[in-house]
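Enquirer: Given next are the chains, with one letter for each unit.
Protein chains: 2
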Amino acid sequence: MTQVVHAGRARVTRRQIDKFAERRDQLADSALLTLSELGYARTSLREIAQNSNFSHGVLHYYFSDKVELILHCVRRYKTECVTRYDEIVACAATPGELAAGFGEAMAATLRNEAHLHRLWYDMRSQSLFEPSFRTDILELDHGLEQMIWRIVLRYSELAGRPLAVSRSIAYAVFDGLFQQGLLKHLCGDEQAVQDLASSVENVLLGLVLVPR
Amino acid sequence: MTQVVHAGRARVTRRQIDKFAERRDQLADSALLTLSELGYARTSLREIAQNSNFSHGVLHYYFSDKVELILHCVRRYKTECVTRYDEIVACAATPGELAAGFGEAMAATLRNEAHLHRLWYDMRSQSLFEPSFRTDILELDHGLEQMIWRIVLRYSELAGRPLAVSRSIAYAVFDGLFQQGLLKHLCGDEQAVQDLASSVENVLLGLVLVPR
DNA sequence: ACCATCTCTGGACAGTCGTCAAGGATTTCC
DNA sequence: GGAAATCCTTGACGACTGTCCAGAGATGGT
Chain A
1 MTQVVHAGRA RVTRRQIDKF AERRDQLADS ALLTLSELGY ARTSLREIAQ
51 NSNFSHGVLH YYFSDKVELI LHCVRRYKTE CVTRYDEIVA CAATPGELAA
101 GFGEAMAATL RNEAHLHRLW YDMRSQSLFE PSFRTDILEL DHGLEQMIWR
151 IVLRYSELAG RPLAVSRSIA YAVFDGLFQQ GLLKHLCGDE QAVQDLASSV
201 ENVLLGLVLV PR
Chain B
1 MTQVVHAGRA RVTRRQIDKF AERRDQLADS ALLTLSELGY ARTSLREIAQ
51 NSNFSHGVLH YYFSDKVELI LHCVRRYKTE CVTRYDEIVA CAATPGELAA
101 GFGEAMAATL RNEAHLHRLW YDMRSQSLFE PSFRTDILEL DHGLEQMIWR
151 IVLRYSELAG RPLAVSRSIA YAVFDGLFQQ GLLKHLCGDE QAVQDLASSV
201 ENVLLGLVLV PR
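First to last, the sequence lines map onto chains A and B.
If you're matching positions, the first sequence starts at 1 in our numbering and goes up one per residue.
If you're matching positions, the second sequence starts at 1 in our numbering and goes up one per residue.
These are calculated hints, taken from the structure and not from any lab test.
Where hints are given, some of them may not hold.
[Stated by the list, open to error] For lysine-lysine, the following DSS-like pairs were computed, each having C-alpha atoms within a straight-line distance of at most 27 Å:
(1) B:Lys184 - A:Lys66
(2) B:Lys184 - A:Lys184
(3) A:Lys184 - B:Lys66
(4) A:Lys184 - A:Lys78
(5) A:Lys78 - B:Lys184
(6) A:Lys184 - B:Lys78
(7) A:Lys66 - B:Lys66
[Stated by the list, open to error] Quick list of the computed label-pair ranges, beta carbon to beta carbon:
(8) B:Glu47 - A:Pro131: 15 to 25 Å
(9) A:Trp149 - B:Ser64: 43 to 53 Å
(10) A:Pro211 - B:Gly96: 17 to 27 Å
(11) A:Ser55 - B:Ala108: 47 to 57 Å
(12) A:Thr94 - B:Glu47: 49 to 59 Å
(13) B:Arg15 - A:Val67: 42 to 52 Å
(14) A:Asn112 - B:Asp189: 26 to 36 Å
(15) B:Gly96 - A:Pro162: 17 to 27 Å
(16) A:Leu153 - B:Glu157: 32 to 42 Å
(17) B:Asp18 - A:Leu153: 54 to 64 Å
(18) B:Ala90 - A:Val67: 46 to 56 Å
(19) A:Arg76 - B:Gly160: 45 to 55 Å
[Claimed, not checked] Output of the computed footprint for chain A on chain B, the stretches with three or more beta carbons under 8 Å from beta carbons of chain A:
(20) 31–40
(21) 110–123
(22) 129–139
(23) 167–173
(24) 186–199
Glycine included, C-beta positions come from ideal geometry on N, C-alpha and C.
Work out the full structure: start from the sequences and follow the hints.
Expert: Encoded structure:
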């Protein structure tokens, strides 16, 4: 196992560790590309290697097995995901601005990163069957829940109205909206992206209570 | 191909056709059992056959290939699914009764048929990658959307308040809730089932507009 | 009772899979 | 510049996959 080799050495330079980590990330990016194109069920290590500049054997030099590679992919995907809307939350000055920005940002990532998102839903489904995926997938899911909650909470503040739903409900609702939008978008519905933006605004409005 | 054999015969008795269809359903049930246990990615035809009373060769006698078998499974799953809440819709006399009945029924199927539901989400994710699944999966998804719409529409009637969301939004919202509930339930959260029931009631209430 | 047809078994097939190890190629360090 | 560590390729392995097929067994009509 490669990690053992590195851990066992008396002195390991900083550069070597960085290079090792960099190549891992590089291979994980190739894996993400292949996975998002073919889906988990149809992706083999040879296919991943073919989409990189290396041969299939090298994958076992940087990852102990297929599971570790895929989990590394998931973690890498996560880091660029859970802060997606934070800038909008920080900048929006009115509830309308926040709702519109959130809707547009969701629609934009639906359009631009559809293949990565379908991989996410694929992996989350896999975690229902494969316990070794669960820890990381749940952690990522929890991160997404918190991300959504920051938006909803800020919207409540800006609107000056209390929230009608819990954190987990808020996430479930927007996750459901996004997933349906993804399904339609990938099935060729030209309206799907635009519909998602307006749906998100519509639903966000309904999550805060109307003052009596 | 077996269908050709049957179509080509001069005279085919009614009983023979029924028997053929019955065995297809029987094998599809075994397949559903295996699929819901292992997931799409890990299910082989030999495994399916091992969970039935037959050998693996017979699957190609009743189904032209793996795709046709799985699609038959999906269609069979659908028929017992899209009318799940119709009785509640027909019987409920007050909005509160409908909301409670809907929430409890959703929680009940989450508890009792969790493995089948995780297969559904697995298959729907697969359809994002495998175009040959799309037609049937979309059709089933549409049926579920209509099922949810009947509930929401009836709730609006009973409450005497107009709806705040479209049909597709209503489905996306409850689908998201159910999927999050399934994730938690299968990961050992004892509260997940109970939470789903109350969440469903909570959200259903928010889908109708408050009269000004 | 016989024969045609339907039904099912079990093995063979060509591929593909994850994994691993032997050894070349490259880099690093003294 | 040479030894040592690291990096990468190549080929092999056993297991597993979907598919096909020859033939045995069961069934039903006459």
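Enquirer: Now look at each hint and say whether the structure bears it out.
Expert: Hints versus structure:
Distance check on the hinted pair: lysine 184 of chain B and lysine 66 of chain A sit about 25 Å apart at the alpha-carbon level, within 27 Å; holds. At most 27 Å may separate the alpha-carbon atoms for a hinted pair to count; lysine 184 of chain B and lysine 184 of chain A meet this at roughly 26 Å. Restraint check for lysine 184 of chain A and lysine 66 of chain B: satisfied, since their Cα atoms lie roughly 25 Å apart, inside the 27 Å limit. Proposed proximity of lysine 184 of chain A and lysine 78 of chain A is supported: the alpha carbons are some 24 Å apart, at most 27 Å.
For the proposed pair lysine 78 of chain A and lysine 184 of chain B, the alpha carbon gap of about 20 Å is at most 27 Å, so the pair holds. Taken as a hint, the lysine 184 of chain A and lysine 78 of chain B pair is honoured in the structure, with Cα atoms around 20 Å apart against an allowance of 27 Å. A distance of roughly 25 Å separates the Cα atoms of lysine 66 of chain A and lysine 66 of chain B; the hinted pair therefore holds under the 27 Å criterion. Restraint check, glutamate 47 of chain B to proline 131 of chain A: a C-beta distance of roughly 19 Å satisfies the suggested window 15 to 25 Å.
For the pair tryptophan 149 of chain A and serine 64 of chain B, the supplied restraint of 43 to 53 Å holds, since their beta-carbon distance comes to about 49 Å. Distance hint check for proline 211 of chain A and glycine 96 of chain B: the Cβ-Cβ separation is about 24 Å, which falls inside the suggested range of 17 to 27 Å. Range check, serine 55 of chain A to alanine 108 of chain B: Cβ separation about 52 Å, and the 47 to 57 Å hint holds. Look at threonine 94 of chain A against glutamate 47 of chain B: about 57 Å separates their beta carbons, and that is inside 49 to 59 Å.
Restraint check, arginine 15 of chain B to valine 67 of chain A: a C-beta distance of roughly 50 Å satisfies the suggested window 42 to 52 Å. Distance hint check for asparagine 112 of chain A and aspartate 189 of chain B: the Cβ-Cβ separation is about 34 Å, which falls inside the suggested range of 26 to 36 Å. In this structure the supplied range 17 to 27 Å holds for glycine 96 of chain B paired with proline 162 of chain A, their Cβ-Cβ distance being about 22 Å. At roughly 34 Å, the beta carbons of leucine 153 of chain A and glutamate 157 of chain B sit within the given window of 32 to 42 Å.
For aspartate 18 of chain B and leucine 153 of chain A, the hinted distance range of 54 to 64 Å is satisfied, since their beta carbons lie about 59 Å from each other. At about 48 Å, the beta-carbon gap between alanine 90 of chain B and valine 67 of chain A stays in the expected band of 46 to 56 Å. For the pair arginine 76 of chain A and glycine 160 of chain B, the beta carbons lie near 52 Å from each other, so the given range of 45 to 55 Å is met. Taking a C-beta to C-beta cut-off of 8 Å, the region 31–40 of chain B contributes 3 residues in contact with chain A, enough for the three needed, and the coverage statement holds.
Remark: the region 110–123 of chain B is confirmed as covered by chain A, as 3 of its residues place a Cβ nearer than 8 Å to a Cβ of that chain, reaching the required three. As drawn, the region 129–139 of chain B meets chain A at 4 residues by the rule of a beta-carbon pair under 8 Å; at three or more, the given contact holds. With 5 residues having a beta carbon nearer than 8 Å to a beta carbon of chain A, the region 167–173 of chain B meets the requirement of three or more and the stated coverage holds. Coverage of the region 186–199 of chain B by chain A holds in this model, with 4 residues showing a Cβ closer than 8 Å to a Cβ of that chain against a need of three.
Going through the hint list in order, the structure satisfies each hint without exception.
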